[in-house]
Amino acid sequence: MKRDLFLFIGFAFLILLAPQLFSGGYLMNVLVFVGINTMLSIALNLLLGYAGQISLGHAGFFGLGAYLSGILSTSYGVDPWLAMPLAATVVGLMAFFIGFPILKLKGHYLAMATLGLGIIIYIVFNETVELTGGPSGLSGIPNLKIAGITFDSDVKNYYLIWTATLMVMLFSLNLAGSRVGRALRAVHDSEVAAQVLGVNSRILKVQIFALSAIISSLAGSLYAHTMTFISPASFGFNFSIELLTMVVIGGLGSIYGSFLGAALLTLLPEFLRGANDYDIIIYGGLLMAMVMYMPGGLVRGIPALFRRLVTTKKGEAGHA
Amino acid sequence: MQFDQLLQYTLSGLSTGAIYALIGIGFSIIYNATGIINFAQGEFVMLGGLLTLSSLELLKLPLWAAIPCSVAFSTLVGILFERLAIRPLKQPTPINLVIITIGGSILIRGLAMLVWGKDTHAIPPFSGDTPIAVGGATILPQHLWILAITVVIIIINKIYFYHTISGKAMRACAYNRRAAGLVGIDVRRMVLFSFIISSAMGAVAGIIVAPLTMTAYDVGVMLGLKGFCAAIIGGMSSGISTVIGGLILGVLESLGAGLISSGYKDAIAFIILLLILFIRPQGLFGKADSERV
Numbered sequence: 001m002k003r004d005l006f007l008f009i010g011f012a013f014l015i016l017l018a019p020q021l022f023s024g025g026y027l028m029n030v031l032v033f034v035g036i037n038t039m040l041s042i043a044l045n046l047l048l049g050y051a052g053q054i055s056l057g058h059a060g061f062f063g064l065g066a067y068l069s070g071i072l073s074t075s076y077g078v079d080p081w082l083a084m085p086l087a088a089t090v091v092g093l094m095a096f097f098i099g100f101p102i103l104k105l106k107g108h109y110l111a112m113a114t115l116g117l118g119i120i121i122y123i124v125f126n127e128t129v130e131l132t133g134g135p136s137g138l139s140g141i142p143n144l145k146i147a148g149i150t151f152d153s154d155v156k157n158y159y160l161i162w163t164a165t166l167m168v169m170l171f172s173l174n175l176a177g178s179r180v181g182r183a184l185r186a187v188h189d190s191e192v193a194a195q196v197l198g199v200n201s202r203i204l205k206v207q208i209f210a211l212s213a214i215i216s217s218l219a220g221s222l223y224a225h226t227m228t229f230i231s232p233a234s235f236g237f238n239f240s241i242e243l244l245t246m247v248v249i250g251g252l253g254s255i256y257g258s259f260l261g262a263a264l265l266t267l268l269p270e271f272l273r274g275a276n277d278y279d280i281i282i283y284g285g286l287l288m289a290m291v292m293y294m295p296g297g298l299v300r301g302i303p304a305l306f307r308r309l310v311t312t313k314k315g316e317a318g319h320a
Numbered sequence: 001m002q003f004d005q006l007l008q009y010t011l012s013g014l015s016t017g018a019i020y021a022l023i024g025i026g027f028s029i030i031y032n033a034t035g036i037i038n039f040a041q042g043e044f045v046m047l048g049g050l051l052t053l054s055s056l057e058l059l060k061l062p063l064w065a066a067i068p069c070s071v072a073f074s075t076l077v078g079i080l081f082e083r084l085a086i087r088p089l090k091q092p093t094p095i096n097l098v099i100i101t102i103g104g105s106i107l108i109r110g111l112a113m114l115v116w117g118k119d120t121h122a123i124p125p126f127s128g129d130t131p132i133a134v135g136g137a138t139i140l141p142q143h144l145w146i147l148a149i150t151v152v153i154i155i156i157n158k159i160y161f162y163h164t165i166s167g168k169a170m171r172a173c174a175y176n177r178r179a180a181g182l183v184g185i186d187v188r189r190m191v192l193f194s195f196i197i198s199s200a201m202g203a204v205a206g207i208i209v210a211p212l213t214m215t216a217y218d219v220g221v222m223l224g225l226k227g228f229c230a231a232i233i234g235g236m237s238s239g240i241s242t243v244i245g246g247l248i249l250g251v252l253e254s255l256g257a258g259l260i261s262s263g264y265k266d267a268i269a270f271i272i273l274l275l276i277l278f279i280r281p282q283g284l285f286g287k288a289d290s291e292r293v
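Heads up: the protein sequence lines correspond to chains F and L, in order.
Read in order, the letters of the first sequence correspond to residues 1 to 320 in the numbering used here.
Read in order, the letters of the second sequence correspond to residues 1 to 293 in the numbering used here.
Keep in mind that the hints were calculated from the coordinates and are not lab data.
It cannot be assumed that every hint is accurate.
To be verified - Here chain L is said to cover these stretches of chain F; the calculated rule only asks that three of the stretch's residues, wherever they fall, bring their Cβ under 8 Å from a Cβ of chain L: (1) 111 to 119; (2) 204 to 210; (3) 291 to 303.
Unchecked claim - Lysine to aspartate or glutamate pairs mimicking DMTMM-like chemistry, simulated, CA-CA at most 25 Å apart: (4) K265/L x D218/L; (5) K90/L x D189/F; (6) K265/L x E127/F; (7) K118/L x E130/F; (8) K265/L x D119/L; (9) K156/F x E270/F; (10) K90/L x E130/F; (11) K265/L x E130/F; (12) K118/L x E191/F.
In this text, a Cβ means the ideal position worked out from N, Cα and C, and glycines have one as well.
Bound conformation, chain F alone (with noise of 0.2 Å):
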């Protein structure tokens, strides 16, 4: 427990740090993605890397956070302190008892019904013109502010960002590791054998769904105030692939795999700069090699790599 505890406080030393060594004002907007990237994928990782349930609607859940925050604060003058919670206490009710129905369904049936909602979601998103901007969007979204501070530059959300990312990385690992991160588990590997010893996986399994879409709606609307600008392009169905790329690059069931499976599909594209549309069969490729041959995802398969060129090193070594 104590080696996790200092893992973590490594790691945030590491991040909170980032900005006094790169002060790179473009490179610092990219960090600031990779840092809503993490919430997300910290988000569907505890619903698919944990309770072992399928989500394609995710982005879905991060545009609802963006453009509740968004129109609230931007159209009806709430603060946009106020507007965050108030868009993820809706957002998490939405998927409370939408996660009674559909997650009875499992594996191929429950990717499908996800990915349907999402898309429900994303056309309502570009038809609600009055409401959304439609389209062409929605802008003058206003920046957050505290004590005097507005958080109106690349640094400044820098730090606003991570705070956030942190926390959530915080409370996930504290949740994974805990009686409930037991239970998700259990329900993962098996949902009958997890209910024979007394887990109620239905309302776990909608528990941690619900979970998994208030930190997605907190980060949607963390992005729309540092941004100041959304259009449904951000939330349609490939942002759900990119994150469930995120997710299975990284390692199911590791938070920091979520945080590397984010940092890499969000850097790499800045990396690939002439490869602009092409992403997509970079995402493919990587989406598929990874299943076929590092199902641990970088997190474990790393290691493992290592140790194996290890060990023949020193058989070859034994060998000579």
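Please build the complex by placing chain L on the supplied structure of chain F, with the hints as guidance.
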């Protein structure tokens, strides 16, 4: 509400419904043989349309030759997909299969974008575009082609599944894969067959719809999902229930777009999908089956 208008929406709904039915049957065939929902199914629809375009324009083939050529190539992609992605999978859990078929679908779509670019392309209709008057409504010759080809394919399907050894073996796999293996059926070959048949059917659907709706590298996503919706309404059957499912979906969508709002047209299919999954996961006509719940 005029009768003419209603007839018009219903007729055009029936022909899109036929397309959904063909794609839906493709989903069901693979699902029944393997237990996999192939998220890449829609990409074969896209390949069908775009490969026909290339056969017409690059190879200068006449339409009657371009169509089988395109179906053959799409089927080849289906075979490669099964061999390179599905078969080597070491841990074929449902979630891994969902992820790998999604990965495959993105990869195929991305490669199509490399080859054909992002533009939408038109394919000439099979026999002109002079509208035909039916009652107070009009339909295009292409609508008739779609309905006729769908009927022919469904008949061929029926003959294959009920009157050939390999079709019967495939049905045996759908009932019980292990038992089918015990009586000497090569289950892995049946899996490959199921991919061949459904990629070919998907390609045909893509070819016959392309003259009406245009085609592009990304048409597969929506068409694939609607096809899945048809299959769900039909209870994942590879027969007539999925056809009815597709027709119901097509007509409801067309009426919804005409009478309510065209913007919400796509939402209608997904609302039906969710309702069916929540209320009758065994499909509209099926008996209760705990497997899908």
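Structure-based check of each hint:
no.: 1; hint: 111 to 119; result: holds (count 7)
no.: 2; hint: 204 to 210; result: violated (count 0)
no.: 3; hint: 291 to 303; result: holds (count 3)
no.: 4; hint: K265/L x D218/L; result: 18 Å, holds
no.: 5; hint: K90/L x D189/F; result: 18 Å, holds
no.: 6; hint: K265/L x E127/F; result: 11 Å, holds
no.: 7; hint: K118/L x E130/F; result: 30 Å, violated
no.: 8; hint: K265/L x D119/L; result: 23 Å, holds
no.: 9; hint: K156/F x E270/F; result: 21 Å, holds
no.: 10; hint: K90/L x E130/F; result: 50 Å, violated
no.: 11; hint: K265/L x E130/F; result: 19 Å, holds
no.: 12; hint: K118/L x E191/F; result: 45 Å, violated
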